[in-house]
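S.K.: These are the residues of each chain, in order.
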Amino acid sequence: MTASSIQDNVRSVLATALASVAGNVYNHVPEAIIPPAVVIIPDSPYLEMQLINKSSIKCTINLTISACVAYNSNPGSLDNLEKLILSILAVIPAGYEIGVVERPTVTQVGATNLLVADIRVSTIYTQTN
Amino acid sequence: MATTVITGRDLALTIDSKTYDAQATSVTLVNAPTLVTYQTIDGKAYKHTDDNWTLTVTMLADWGASVGAATSLCEAMWTAANSAPNTALAFSLTAATGAVFSGTVYPVFPDVNGTGADAQSITLSFQVVNTPTLTIS
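In order, the protein sequences belong to chains A and B. The opening residue of the first sequence carries number 34 in the working numbering; numbering runs sequentially from there. The opening residue of the second sequence carries number 6 in the working numbering; numbering runs sequentially from there.
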């Protein structure tokens, strides 16, 4: 049996579930972001132990799904971002706790201005060997 | 003596031979003793007359999550409470230090709940039969 990993069994699975939204989906932080984009990155705290016993590693994984759109005009960009957020929320798979959506902020990545909002999600991961 | 720390990760819990480690977030085995108080001429006097133990388990709900031989803990407890409510189930609470608390509890129906943002979490409060046995290995 192949050992599980957060990369293969959580972030990639989540990225696959998000593939239907209108944007580029990354299960990691890419070197260059092409908007509109959805980026899955670790949140803080990242891993939390909540269950009793330690015979196997089971932990809550906190992730941030960053929704990014091009920041060209303020009302248009905000509308695009809201639509992207709603489409993401609709396809987050079962077994995920969805937290809050943080306030949109303008972030410069390279020469591009992006309007970005973070969606906080968490799920429980079990390590199998 | 070196300081000993026992955390929840050092515990193992089984009820009716089913392991609860994968779902339980906390477990408490607590006694509520009955003390009769007498007001004597010399002051208060106490008499311990009874013990009432409770096993409380907080766990993530796993309704409908039976896979092969691994039965959903919620479903198993529901079935036990529904079909044989007066048949006590064996439990054991084991610490990594070698202490084992064992006894029997009566099954209870798990509650069903759900909130918009959080994981479905339930609390099972079991009536323990008599006083649990403590075994130190």
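Take the hints with a grain of salt, since some may be wrong.
Take a look, some chain B residues computed to stay more than 12 Å from chain A by CB distance [said to hold, decoys possible]:
| hint | residue |
| --- | --- |
| 1 | G13 |
| 2 | Q44 |
| 3 | V113 |
Below, a list of computed lysine to any residue pairs in the SDA-like style, where the Cα atoms sit at most 20 Å apart [as the list claims (entries may be wrong)]:
| hint | chain 1 | residue 1 | chain 2 | residue 2 |
| --- | --- | --- | --- | --- |
| 4 | A | K87 | B | K23 |
| 5 | A | K87 | B | D116 |
| 6 | A | K91 | B | T45 |
| 7 | B | K23 | A | N105 |
| 8 | A | K91 | B | A27 |
| 9 | A | K116 | A | N105 |
| 10 | A | K91 | B | S130 |
| 11 | A | K91 | B | Q125 |
| 12 | A | K116 | A | T138 |
| 13 | A | K91 | B | T76 |
| 14 | A | K87 | B | T102 |
| 15 | A | K91 | B | K23 |
| 16 | A | K91 | B | V41 |
Ranges of calculated distance between the beta carbons of each label pair, as one might list FRET restraints [unchecked claim]:
| hint | chain 1 | residue 1 | chain 2 | residue 2 | range |
| --- | --- | --- | --- | --- | --- |
| 17 | A | T140 | B | G73 | 25 to 35 Å |
| 18 | A | D76 | B | S126 | 45 to 55 Å |
| 19 | A | P78 | B | V105 | 42 to 52 Å |
| 20 | A | N107 | B | T8 | 40 to 50 Å |
These aren't lab readings, by the way, just hints derived from the structure by calculation. No residue lacks a Cβ here, since even glycine has one placed at the ideal position from N, Cα and C.
S.K.: Determine for every hint whether it applies to the structure shown.
M.R.: Status of the hints after comparison with the structure:
With 12 Å as the threshold on Cβ separation, the claim that B/G13 sits away from chain A is violated: the shortest Cβ distance comes to roughly 4 Å. For B/Q44, the condition that its CB be more than 12 Å from all CB atoms of chain A holds, with the nearest at approximately 44 Å. Distance to chain A confirms B/V113 as a non-interface residue, since its nearest Cβ pair spans about 19 Å, more than 12 Å. Proposed proximity of A/K87 and B/K23 is supported: the alpha carbons are some 16 Å apart, at most 20 Å.
A distance of roughly 26 Å separates the Cα atoms of A/K87 and B/D116; the hinted pair therefore is violated under the 20 Å criterion. Proximity of A/K91 to B/T45 is assessed by CA-CA distance (about 56 Å); at most 20 Å being required, the pair is judged violated. Distance check on the hinted pair: B/K23 and A/N105 sit about 58 Å apart at the alpha-carbon level, beyond 20 Å; violated. In summary, the hint linking A/K91 to B/A27 is supported, as the alpha carbons are separated by about 8 Å, within the 20 Å threshold.
Taking the CA atoms of A/K116 and A/N105, the gap is about 16 Å. The hint holds against a cut of 20 Å. For the suggested pair A/K91 and B/S130, the alpha carbons sit about 24 Å apart, so the restraint of at most 20 Å is broken. This hinted pair checks out: A/K91 and B/Q125 have alpha carbons roughly 17 Å apart, not beyond 20 Å. For the given pair, A/K116 sits about 16 Å from A/T138 by alpha-carbon distance, which is consistent with the 20 Å threshold.
A distance of roughly 19 Å separates the Cα atoms of A/K91 and B/T76; the hinted pair therefore holds under the 20 Å criterion. Only pairs whose Cα atoms come within 20 Å are accepted, and A/K87 paired with B/T102 is accepted, the gap being roughly 13 Å. Annotation: proposed proximity of A/K91 to B/K23 holds, straight-line Cα distance about 18 Å (limit 20 Å). For the proposed pair A/K91 and B/V41, the alpha carbon gap of about 46 Å is over 20 Å, so the pair is violated.
Roughly 47 Å separates the CB atoms of A/T140 and B/G73, a value that falls outside the hinted 25 to 35 Å. Between A/D76 and B/S126 the CB atoms are about 20 Å apart, so this pair departs from the stated range of 45 to 55 Å. Evaluation of the 42 to 52 Å hint for A/P78 and B/V105 yields a failure: the beta carbon distance comes to about 33 Å. Range check, A/N107 to B/T8: Cβ separation about 58 Å, and the 40 to 50 Å hint is violated.
Of the hints listed earlier, those the structure fails to meet are numbers 1, 5, 6, 7, 10, 16, 17, 18, 19 and 20, in rising order.
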